Amino acid sequence: MQLNSNVPSGPLKDKWDKHKFELKRVNPANKRKFEVIVVGTGLAGGSAAATLADLGYKVKNFCIQDSPRRAHSIAAQGGINAAKNYPGDGDSIFNLFYDTIKGGDYRAREANVYRLAQNANNIIDHCVATGVPFAREYGGLHANRSFGGAQVSRTFYARGQTGQQLLLGVYGQLCRQIGLGGVEMFPRRDILDIVIVDGCARGVVCRNLVTGEIESHSAHAVVLATGGYDNVYFLTTSGMHSNVSACWAAYKKGAAFANPCYTQIHPTCITVHGDYQSKLTLMSESLRNDGRIWVPKNKGDKRSPDQIPESERDYYLERKYPSFGNLVPRDVASRNAKLACDEGRGVGNTGLAVYLDFSEAIERDGEDVIRAKYGNLFQMYHKIQDEDPYKVPMKIYPAIHYVMGGTWVDYNLMTSREGLFCLGGANFSDHGANRLGASALMQGLSDGYFVLPYTIGGYLATQSLTNVNTSHQAFKDAEKQLTEKLDKLMNINGKRTVDDMHKELGLIMWDYCGMARNDAGLKTAIQKIQALRAEFWENVSVSGSRKDFNQTLEKGYRLADYLEFGELLARDALMREESCGGHFREESQTEENEAKRDDEKFCHVAAWEYAGEGKDPIRNTEPLVFENVKLTQRSYK
Amino acid sequence: MEEKFINLTLKVWRQKRGEKKGKIETYQAKHISTDASFLEMLDIVNDDLTIAGIEPIAFDHDCREGICGMCGQVVNGYAHGEEKGTTLCQFHMRRFKDGDTIFIEPFRAKAFKVVKDLVVDRSAFDKIIQAGGYITAKAGGAPEANIFPVTYETGELAMNAAECIGCGACVAACPNASAMLFVSAKISHLALLPQGRPEAAKRALAMVRTMDACGFGNCSNERECENSCPKNISITNIARLNREFLAAGVLSTAM
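Chains as they are written, first to last, in the working numbering: chain B, 33 to 669; chain D, 67 to 321.
Bear in mind the hints are in silico, worked out from the structure with no lab data behind them.
If you're wondering where the values come from, they're calculated on a predicted model, not measured in any experiment.
Every residue, glycine too, gets a C-beta built ideally from N, C-alpha and C.
Incorrect hints may appear among the rest.
Said to hold, decoys possible - Simulated restraints, written as ranges between beta carbons of each label pair:
(1) Gly281/D to Met607/B: 32 to 38 angstroms
(2) Lys520/B to Thr202/D: 33 to 39 angstroms
(3) Asp49/B to Lys204/D: 15 to 21 angstroms
(4) Leu539/B to Lys89/D: 35 to 41 angstroms
(5) Leu173/B to Arg160/D: 39 to 45 angstroms
(6) Lys520/B to Asp114/D: 24 to 30 angstroms
(7) Gln665/B to Asn293/D: 55 to 61 angstroms
(8) Pro260/D to Lys329/B: 52 to 58 angstroms
As the list claims (entries may be wrong) - For lysine-lysine, the following DSBU-like pairs were computed, each having C-alpha atoms within a straight-line distance of at most 35 angstroms:
(9) Lys579/B to Lys150/D
(10) Lys70/D to Lys334/B
(11) Lys527/B to Lys204/D
(12) Lys70/D to Lys517/B
(13) Lys633/B to Lys647/B
(14) Lys204/D to Lys415/B
(15) Lys176/D to Lys92/B
(16) Lys415/B to Lys70/D
(17) Lys50/B to Lys82/D
(18) Lys204/D to Lys517/B
(19) Lys535/B to Lys77/D
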């Protein structure tokens with residue numbers, strides 16, 4: 033497979049403008065002749081669908097939930113970055129670009145990240161124009177706060193629910209277009225195959241989750257904005273319906289999958305309790321602005337936190353990283369929490385927790401100020417843990433929260449399959465091996481509002497696409513294949529539930545492919561996943577009917593894909609014999625236990641190509657070239 | 067509170083897809099941790115039902131952290147359960163005692179048809195937003211973000227309204243199945259902000275008209291909506307909706 037990033041030539045800061053000028057355009061009257069399928073209604077998919085329709089394209093938009101307003105972008109808490117420099121602390125577009133490249137441990141494309149930083153300010157302007165109520169100062173202008181991996185305050189926020197407010201802004205724009213007839217909305221659909229005609233993506237096959245019917249939809253281009261694959265770990269902060277199925281179907285149809293081993297473990301999640309637990313809950317990184325992370329200095333200290341004097345506490349992030357303190361990037365904070373617990377200094381019943389303590393901030397600023405900034409997060413913690421975080425320090429532990437890997441795309445956000453685009457969390461493009469806080473929202477909106485609407489025009493204007501509708505044989509074949517797969521799943525009638533097997537997969541992934549990975553463990557993981565996959569197709573139990581509203585069947589086919597995808601993730605981690613960002617190979621660390629990159633061998637994107645059923649996938653590489661930043665060992669000391 | 071394990075009897079509304087009538091079925095929920103959420107309790111019961119060859123109970127859910135608005139059931143007569151300011155996914159089993167019986171029903175309203183078991187169709191809410199619950203703005207032409215100053219207090223009021231998660235509890239709790247709290251939250255959010263003013267009158271008229279057409283009832287100041295709202299949206303928003311609607315009707319030619 034030939035991977036061409038299509039990054040324009042010229043100076044970094046001029047690339048995007050030059051590219052926009054050079055892209056061919058579709059004239060306004062011709063846009064209505066093109067149909068575009070957009071899968072997903074999160075920040076990326078929703079904004080793309082709304083903007084394409086506003087430009088005049090005919091858009092068909094799909095989502096899993098009952099309403100486009102419920103996509104999982106809604107759960108993002110802390111904020112969205114931009115380089116407005118409102119606080120006057122010396123921020124700039126180049127600074128935002130530099131922090132994002134460095135935060136990603138030099139494993140992202142310079143040109144993509146620079147474009148993201150350029151678009152960030154437009155995003156804030158547009159969101160405000162669409163009614164997003166970002167926090168304000170008393171003078172009426174916008175307020176900013178700090179996030180990990182940055183030494184400026186550049187994060188815009190709406191209490192602890194910035195993702196909700198941004199998504200509802202996008203949802204408003206989308207609803208306007210649905211009302212005007214520019215977008216035809218298909219809620220409660222699972223996209224289970226991508227249809228290729230003459231080498232180009234021309235449609236999708238989906239399951240109607242209410243009736244169980246298999247439906248085909250055709251278009252001139254297909255856009256996937258289906259979010260991340262983190263639920264391969266079962267216990268994550270993702271929504272229960274988040275899945276890899278559409279991207280996995282795309283992979284099997286020629287869209288390479290890049291860097292699946294780049295997973296993000298978020299340092300501040302509410303701790304795991306029982307085996308019945310269905311998901312984990314994040315406590316926003318913004319809490320690290322005011323909360324201090326600590327463990328007891330001595331192993332096995334079981335005293336309650338208020339009984340441990342200041343001199344016997346170890347504020348380990350402040351001690352080890354004095355210049356960034358509690359605001360080091362997520363991968364660094366997570367590994368240090370694990371290290372403290374591995375040393376036997378963890379707290380709580382399980383010993384798998386560290387304290388996030390607000391007592392100093394409450395004493396300094398008063399409880400009301402803390403409540404105004406983080407009230408909903410404190411309330412959420414209180415409900416789940418049944419402990420009042422205004423009085424007792426929060427107990428937190430790292431958990432899977434985001435994935436940087438995803439479908440490979442070029443500078444135009446087109447995958448290695450012609451006519452198939454991928455946006456937002458579902459693609460691999462902007463965060464390298466580690467994403468900084470408040471950057472996911474920025475990327476989703478950049479891709480959907482400000483990149484795809486230009487680049488898809490460049491594609492459509494240069495194609496001579498024949499007319500294709502759903503009576504084409506390619507659709508009939510895909511429908512038949514899908515129906516057979518679902519029938520097979522319904523007829524296993526085994527003894528184990530889908531959730532039970534998904535939990536087992538999640539444990540394999542977490543134990544061998546989680547916060548720390550090594551050669552032997554990854555090989556074990558691959559064997560265990562293969563064995564579990566074989567058992568799944570003989571021993572899973574899916575009740576009900578295929579032609580009905582059937583949530584067990586939904587979970588079943590999503591898990592079937594995860595059982596294949598999990599192996600690719602482990603393979604990618606095995607082959608990348610270096611540590612970078614969220615991917616920590618125990619064999620590759622500095623004397624101080626920091627991630628140690630191997631730029632000679634691994635300064636590239638690994639893009640996996642499907643080679644057919646039962647065959648080993650092919651690992652292609654796209655070299656990463658750095659012309660504007662110098663590759664250094666990341667230091668937050 | 068210490069974790070305990072309790073046994074419960076569930077009386078659950080079961081209704082096949084496409085059928086007009088359903089009925090209450092009785093199931094046992096065994097060995098439930100008091101630290102489990104209400105939906106995790108249903109997961110356990112569903113796994114037991116699957117193994118016993120009974121089709122699991124269908125219910126909507128997604129984020130399980132109280133923000134997506136997808137979950138919602140009437141538990142012992144309360145939308146989202148008895149705890150104030152809480153979605154069902156954040157309602158925990160520590161609220162129950164060993165041996166309790168729990169009645170579980172879907173959100174009921176003329177405008178919310180039952181899809182299956184506890185799942186209802188809330189697409190009427192989307193239709194109301196499509197009618198005008200937005201600000202018209204093209205991606206590219208927005209002015210600089212700080213050009214519209216908003217006082218801190220106004221920003222807070224707008225945000226209080228904007229927090230609505232569109233779950234439908236207000237409709238389920240209202241004896242008239244009115245959607246006034248939902249509609250007023252969006253109208254208030256946008257009407258309070260300077261960027262929302264140009265379309266305020268048109269928005270109020272279009273959204274109220276669509277709300278009526280979807281079959282929601284009228285408001286008679288029962289305040290059940292406010293009491294059941296998991297995000298504590300205030301009924302003062304309904305007063306603001308009424309003012310916006312009246313002003314729009316009197317002053318506008320957009321009737």
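To see whether the hints hold, each was checked on the structure:
1. Gly281/D to Met607/B: 32 to 38 angstroms: About 58 angstroms separates the Cβ atoms of Gly281/D and Met607/B, which means 32 to 38 angstroms is violated.
2. Lys520/B to Thr202/D: 33 to 39 angstroms: The hinted range 33 to 39 angstroms is violated for Lys520/B and Thr202/D, with Cβ atoms some 49 angstroms apart.
3. Asp49/B to Lys204/D: 15 to 21 angstroms: holds (19 angstroms)
4. Leu539/B to Lys89/D: 35 to 41 angstroms: Given range 35 to 41 angstroms: holds, Cβ gap about 39 angstroms.
5. Leu173/B to Arg160/D: 39 to 45 angstroms: The hint (39 to 45 angstroms, Cβ to Cβ) holds, given that Leu173/B and Arg160/D are roughly 44 angstroms apart.
6. Lys520/B to Asp114/D: 24 to 30 angstroms: For Asp114/D against Lys520/B, whose Cβ atoms are near 25 angstroms apart, the range 24 to 30 angstroms holds.
7. Gln665/B to Asn293/D: 55 to 61 angstroms: holds (57 angstroms)
8. Pro260/D to Lys329/B: 52 to 58 angstroms: holds (53 angstroms)
9. Lys579/B to Lys150/D: violated (38 angstroms)
10. Lys70/D to Lys334/B: Since the Cα atoms of Lys70/D and Lys334/B sit roughly 22 angstroms apart, the hinted pair holds (cutoff 35 angstroms).
11. Lys527/B to Lys204/D: Answer violated: Lys527/B to Lys204/D is near 54 angstroms, above 35 angstroms.
12. Lys70/D to Lys517/B: violated (42 angstroms)
13. Lys633/B to Lys647/B: holds (25 angstroms)
14. Lys204/D to Lys415/B: violated (40 angstroms)
15. Lys176/D to Lys92/B: holds (29 angstroms)
16. Lys415/B to Lys70/D: holds (16 angstroms)
17. Lys50/B to Lys82/D: Violated, at roughly 58 angstroms.
18. Lys204/D to Lys517/B: violated (43 angstroms)
19. Lys535/B to Lys77/D: Holds. Lys535/B to Lys77/D sits at ~28 angstroms (cutoff 35 angstroms).
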